[in-house]
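Using the hints provided, position chain B relative to the given structure of chain A.
2 protein chains.
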Amino acid sequence: MKFGGTSMAGTERIRRVARIVKRQQDAGHEVAVVVSAMAGETDRLVNFCREANPLYDPAEYDVVVASGEQVTSGLLAIALQALGAQARSWLGWQLPIKTVEAHAKARVDSIDADALIAEMQKGVIAVIPGFQGVSDEGRITTLGRGGSDTSAVAVAAAVKADRCDIYTDVDGVYTTDPRIVAKARKLQHVTYEEMLELASVGAKVLQTRSVGLAMKEGVRVQVLSSFIDDDAPAADTIPGTMIVSDEELEGMDMERQLITGIAHDKNEAKITLTRVPDKPGAVANIFGPLAEAAINVDMIIQNVGRDKGETDVTFTVPAADLARSMDLLEAAKDQIGFNRIIPDTNVAKVSVVGVGMKSHAGVAATMFRSLADRGVNIQAISTSEIKVSVLIEEDYTELAVRVLHTAYGLDAVEA
Amino acid sequence: MKFGGTSMAGTERIRRVARIVKRQQDAGHEVAVVVSAMAGETDRLVNFCREANPLYDPAEYDVVVASGEQVTSGLLAIALQALGAQARSWLGWQLPIKTVEAHAKARVDSIDADALIAEMQKGVIAVIPGFQGVSDEGRITTLGRGGSDTSAVAVAAAVKADRCDIYTDVDGVYTTDPRIVAKARKLQHVTYEEMLELASVGAKVLQTRSVGLAMKEGVRVQVLSSFIDDDAPAADTIPGTMIVSDEELEGMDMERQLITGIAHDKNEAKITLTRVPDKPGAVANIFGPLAEAAINVDMIIQNVGRDKGETDVTFTVPAADLARSMDLLEAAKDQIGFNRIIPDTNVAKVSVVGVGMKSHAGVAATMFRSLADRGVNIQAISTSEIKVSVLIEEDYTELAVRVLHTAYGLDAVEA
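Respectively, the protein sequence lines represent chains A and B.
Read left to right, the first sequence gives residues 1 to 415 (my numbering).
Read left to right, the second sequence gives residues 1 to 415 (my numbering).
The shape of chain A in the complex, shown without the other chains (with noise of 0.2 Å):
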């Protein structure tokens, strides 16, 4: 079970999570819980170390926020064993969580569960604070922003867990913002690949890191409500989502729909450089400079110039690295040859995604087709095997959320 910051903020929210996580050993579980800090509580310590030293050492950084979980963890446990129940917590260098890589941005390397396991064995819910491990070195860790729903898929993982429930302020993954589309359904299930596609385009219910570990490592996890009742039965029968394998939901031997979620990200930059010499290289001296930035280069286009031998080169970045973007390129203008460079935030993608394409065409066209229905413009189109997006302007980004729920039959049924 994993219960992000929002659950966790203050005593009184603790001892509520304490006695849903209590119901589930009440129901023949062992249970291991991995919490966030209280929300809130990571950035003001973040912002202590910007105060600090706005260049402040990474590995310093780590012991400072690594405190919010420690905090929870231990208020956790003992919320639970004032109703009774045995519980300890176990820190990332306890058990310990060996990570690599980065401090700030660290990886789950490995996990030694097996005192964890013994303990759970004995009845003992262990509780686990997110975020957080150990470097080779014996230094606190953590793993970047958001980390926790990536500590909680390991965890279980090393436990072997027969479901890795996480606790969040959705009841689940539904097949499109229910902010934009009312008729949006909650999905019972959805594949680890859909939901990658989905939480990478937008849909901000779990972190991508860990639902590609879950696909690596096989855990089943389900996404529910943290709001339900805290006399409710136990989770077994709280509808969520469950994330699933490919082959899993197969098995389950129901009908399948087409298309499983629209999804939508504003955060996208579009960039135009016009004018580029059209010759072996160019492209390379465009995305050379930012690969090397680690700025994340999405939908590229190569329109035909107007002048022979030249080429405009669009493409989108975060919007968040524009202004950076937009430095890197002036720098190697005179490298790259282009003439201007016009930088446009004024865009959304919108993304349909489900594993039935793969073995269904016309998926892209029903696309196409309805959003020119409707007067989309599109202005940049990319694809994968399981999803097809479109660079289209901001403004028309619920609509054409609506018009694509709509057309590939996802609105709900009236009741």
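Derived by calculation from the structure, the hints in this document are not laboratory data.
Some clues are possibly wrong.
Unchecked claim - The following residues of chain A were derived to be distant from chain B, with all beta-carbon distances above 12 Å:
hint	residue
1	26
2	69
3	117
4	275
5	337
6	373
7	392
8	412
Stated by the list, open to error - In silico contact screen, one side only, chain B against chain A (beta carbon under 10 Å); selected entries:
hint	residue
9	89
10	93
11	119
As the list claims (entries may be wrong) - Stretches of chain A that chain B covers, calculated by requiring three or more beta carbons in the stretch to come under 8 Å of a beta carbon on chain B:
hint	segment
12	11 to 22
13	36 to 49
14	327 to 333
Even glycine gets a Cβ: it sits at the ideal position worked out from N, Cα and C.
Frame of chain A; chain B shown alone:
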């Protein structure tokens, strides 16, 4: 160097502490720094534990409250790096600082300082959270409130420090409380034994346990103000108060005062049991239950009773333990066989302290005569080798302190 919670309250103050520390290194010293949590933070964390469960598990309490010093040690390392110094934090479990006995009130058993010494010799400033250690089982422990002074002395002993500078919100140890006696003088030197008596009777400059440890390990401790100008010269030249051994002080060949200081303590309560049977075992029946409950009985007087075979017994306990003491004594009433129990919190203990009295008679007589001359009635007396304490009515406390400060020639000469 050790800095308390007031000095560490917020990043602006932590950056100030960094400048004070850096100046010591610039003056040619190898430096380790022990830090408290930000002022108020430990109270906040303790309250969380109480809210989660009033009968909290001390082992989990330690996980929660130790985080306060973890945060400030990381932040101070960052702030030192911002000044161009090499610095890193070592948490209690990382050195390790091994402790024994119960959680929430552990004692330092040993410190492995090899890594610390090696890094300090390379010019790295070591930052160590106070108050925390690690148990044999590898769990976080804390030393009890105020334990950071003890951590500092223990680290100083482990690295064989020339000096342990404790920065606090007073600029040294005074002959008495300057708020009561305007002519109180700052002491240049005081012995461990004197400091222990001054601390235990109410001069709240250092935690008593830290002074005992300094005496045992022969650590030279300096008390000085953390509110000095941070452009002032390094601490070698700032006149704080040095706490040293009797032998070192004698070697200084200074004119010793007979009396070093006057202490007072209003946190005492008096209990009188009337008509206790005057027979063997009676006193054991009274003080047995209090000792079992770890209540510290200080002064004891047995009055001659009015009736033959009976006696009144008066003694003092910490005011905070009065209610519990009354309950314990009432519960044992039949066994003890007293008539009435009379509590009195309107009392104060005033003490004169000085190693000089070992070799001088007449110290106590001067005390009693001076107080009697000004109409201060003495309710009880206790003495040690270097201290004479009297119990008086609380309203007379300030008068008594001033009278004694003058009587023993401690008043500062007007400039």
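Verification of the supplied hints:
1. 26: The claim holds: residue 26 of chain A sits with its nearest Cβ about 19 Å from chain B, beyond 12 Å.
2. 69: 9 Å, violated
3. 117: The claim holds: residue 117 of chain A sits with its nearest Cβ about 17 Å from chain B, beyond 12 Å.
4. 275: Given that every Cβ of chain B is farther than 12 Å from that of residue 275 of chain A, nearest at about 46 Å, it holds.
5. 337: The claim stands: residue 337 of chain A keeps its Cβ more than 12 Å from every Cβ of chain B (closest is about 42 Å).
6. 373: 57 Å, holds
7. 392: About 44 Å separates residue 392 of chain A from the closest Cβ of chain B, which puts it past 12 Å; holds.
8. 412: 41 Å, holds
9. 89: 5 Å, holds
10. 93: It holds, given that the least Cβ distance between residue 93 of chain B and chain A is near 7 Å, below 10 Å.
11. 119: 13 Å, violated
12. 11 to 22: As far as the segment 11 to 22 of chain A goes, the hint holds, because 4 residues have Cβ atoms under 8 Å from chain B.
13. 36 to 49: With 3 residues in contact (Cβ-Cβ under 8 Å with chain B), the coverage given for the segment 36 to 49 of chain A holds.
14. 327 to 333: Violated, because only 0 residues of the segment 327 to 333 of chain A bring their Cβ atoms closer than 8 Å to Cβ atoms of chain B.
In this structure, the earlier hints numbered 2, 11 and 14 are contradicted, and the remaining ones agree with it.
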